[in-house]
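Residue numbers (my numbering), protein chains in the order written: chain Z, 1 to 223; chain A, 224 to 357; chain S, 358 to 755.
Calculated from the structure, these hints are not laboratory results. Note that this is a predicted model, so its numbers are computed, not measured. What you were told as hints is all true, and nothing was included just to trick you.
Chain A is nowhere near these chain S residues, computed Cβ spacing over 12 Å in every case:
(1) Asp-480
(2) Thr-494
(3) Asp-566
(4) Ser-620
(5) Arg-624
Partial list, computed: chain S residues near chain Z (C-beta under 8 Å):
(6) Asn-365
(7) Lys-367
(8) Glu-652
(9) Met-659
(10) Ala-661
(11) Arg-663
Virtual Cβ for every residue (Gly too), placed ideally from N, Cα, C.
Each chain, written out:
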Amino acid sequence: MELIAEKVTREFVRPSGKTNRFFAVKETDFALQSGRLTVLMGRSGSGKTTLLNMLSGLLMPSSGRITADGKDLYAMPDKELSRFRCGHFGVIPQGQTAIHSLTVTENILLPFALYGDAPDEARARQLMERLDIADLANARPAELSGGELRRVAIARALVRKPSLIFADEPTGDLDDENTAEVFRFLKECASEGAAVLVVTHENDAKGYADVMLKMSAGVLTQE
Amino acid sequence: MKRKAIEWILGVLLLGCSLCLSVGVKLVFHACGPMEGGKWMTCHWAEQAVLVIGGVMTVISLLVLFVTSGGMRKGLALALVPLGIGAALIPNTMIKLCMMSDMRFHSVMKPAVIIFGIAAAVLGAVYALVGKKD
Amino acid sequence: MKSLAIKNLKGRPVRTAVLMVLAALLSFTALGGTLVVASLGKGLDSLKARLGADVMVVPREATMKKKFEDIVLQGSTGYFYMSSALADEVIQREGVGQVSPQFFLASTGSSCCSIPVQIIGFDPDTDFTVSPWIKRTYGGELGKYDIVAGSDLNAFVGDKLSFYGVECTVAAKLEKTGTTYDTTVFTNKDTITALIQSSLDKGMNDFKDTDPEHSVSCLMINAADGTSPEELVNDINIHCKKVRAFRSGDMINGIAGSLSGVSQMIRLLIAAVWVLGIVILLLAFTMSVNERKKEFAVLRVMGASRAKLAGLVLKEALCTCLGGSLIGAVVGLLVLLPFNGVIEKTLALPFLLPNAGSITCFAIAAVALSVISGAAAAAVSAWRVSRIDTGLILRGDN
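Could you build all of it, start to finish, from the sequences and the hints given here?
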């Protein structure tokens, strides 16, 4: 699946002053191709996460359009877009993002439960083993370390074998060994045909990237 | 862990019902006082009977809470079933009461004893069913 | 998503329990208050029907210490008599239509019980107040020494009861009326005459000079056509000084006034509890959603639509409120139905529980109202959660 952004911008208005408008993302054209790992780097506040949120269908652009295999994401009603995202997108958000009332396994299988789809438990087990959290299958998030929670989030994002993967700082809270493992894993997903976008500060990511991008003050450039 | 919590909750509820029958029947749901001349009406003797059965049930409920053997706890809980039913049958079925002397026995003690007696019987049966053997 | 709602509730057991208790309180209050108000209304209707006659006439001394009113309305026991000659004087007044005498006596206790029971005798040939009630459960003729027991008396058909050494048989038991009828024994004129005579023979009757064959306690009178009850009452009170006449309506008005006051207070209490309860539910649901904003954002990221998020919040609210309000309704029924005697005695007003069908309807309505209120309280939070800015929330922690 190919994701194309055409002339997308995102403008915000600071609530404290109505005329205090700023562009978090300036006019950008962008294509995320399947089979490639794209790494996007940039300082804090450069607009990387805003761009990722727009591309992953979570934030409507102020102008421009974003299509996935020709489908205009933001022309779809919310229900349809959400279903589409659940089936085709895997998003690894920033921070600790587990549901506390569910076990690790239930968290990972949640993308199936959202729409009552039959859970792929074999895939979940495979991911847990790969990410070294198989022993924690029945543990609750409160019992896990930051790194373990991160790996749960990764497994959850990948459990439906999405064609588009968006990872926002996927290796925060991970040690060097696990960081490398996660990038290797994402690279594998790309080689299996997924289009992968990773937003990160890690310089090690450059070694895994097929495409390197940089964001600075809302402007996207290719390295 | 979950089963243990359920057993504890049931055990505490059983103790509560038993205390309502033993202590409650004297302090809260009591029957009429003595007549002029110090003689007691039949409802007083019914109250005494409930007190005794309630006392026995209280002791058994405490054992249910603190005995370590799961099988023994289930057996003790089961014993509360006939005791609870027995307590519920005392007012007006086993011990016939006065014809409307004071409404208190009919309006307060009888319904309270029946409710707590049946509740204890039901809780005892539930405990015997769901309690862990060992 | 269904089970996610349940799992979320189980994951925070204390908060879930508190919300369920709130919902239980709402349904308990609604059911309890409604049942009490309905029972008071039914009791008043029952009393109106029971009093039956337009005008009641009793010996003057029976009203001096409110004796008659206490017997009729408070369930105390007592007796008083006037001579048949005096009764005839009243009956002959112009404007008197239907008339029937009643005879009062109070038993002493038997050896096991000390408190007396009110006994009322009526004349089967002329009675029009007591007989309709009796006919609802007993269609036969009352023989000598046959009695009919009020519903709250611990006496059943076939039981033998002794009054002043005279053994009587319970021929029937009355339906509950919610009035002092429920603790009264009724019998015919022949039987009560025998009982009064026996009490005199034993020296246990306060009215030692009474001739039971020629005494009555009370005259129940319907005004003749063309005469109003007020006119009749005034006429009797002016011309028959040894008796006192009054309208049953006046007696009822007093009760109706108290009843209305009590009902009003109960309604206010219900309203206060409900307003407070709904406000607390609103706050609780809002807090619950606020503290889980991140989890909702994560669900959104995974592909949950805005409607699904709102639906999740509403499902949690519905489960909590349904569970809680069912518990509240059950507790309400367990308190009100077995202990309705205590409530009746405490209120000291006519009190008659509605039938099983009405009670069921009240219970269902209380549960439904509590669930709807909880859902409405949660709807605000549900709407807010559907509007969350996912990016902003997820960024918030970093």
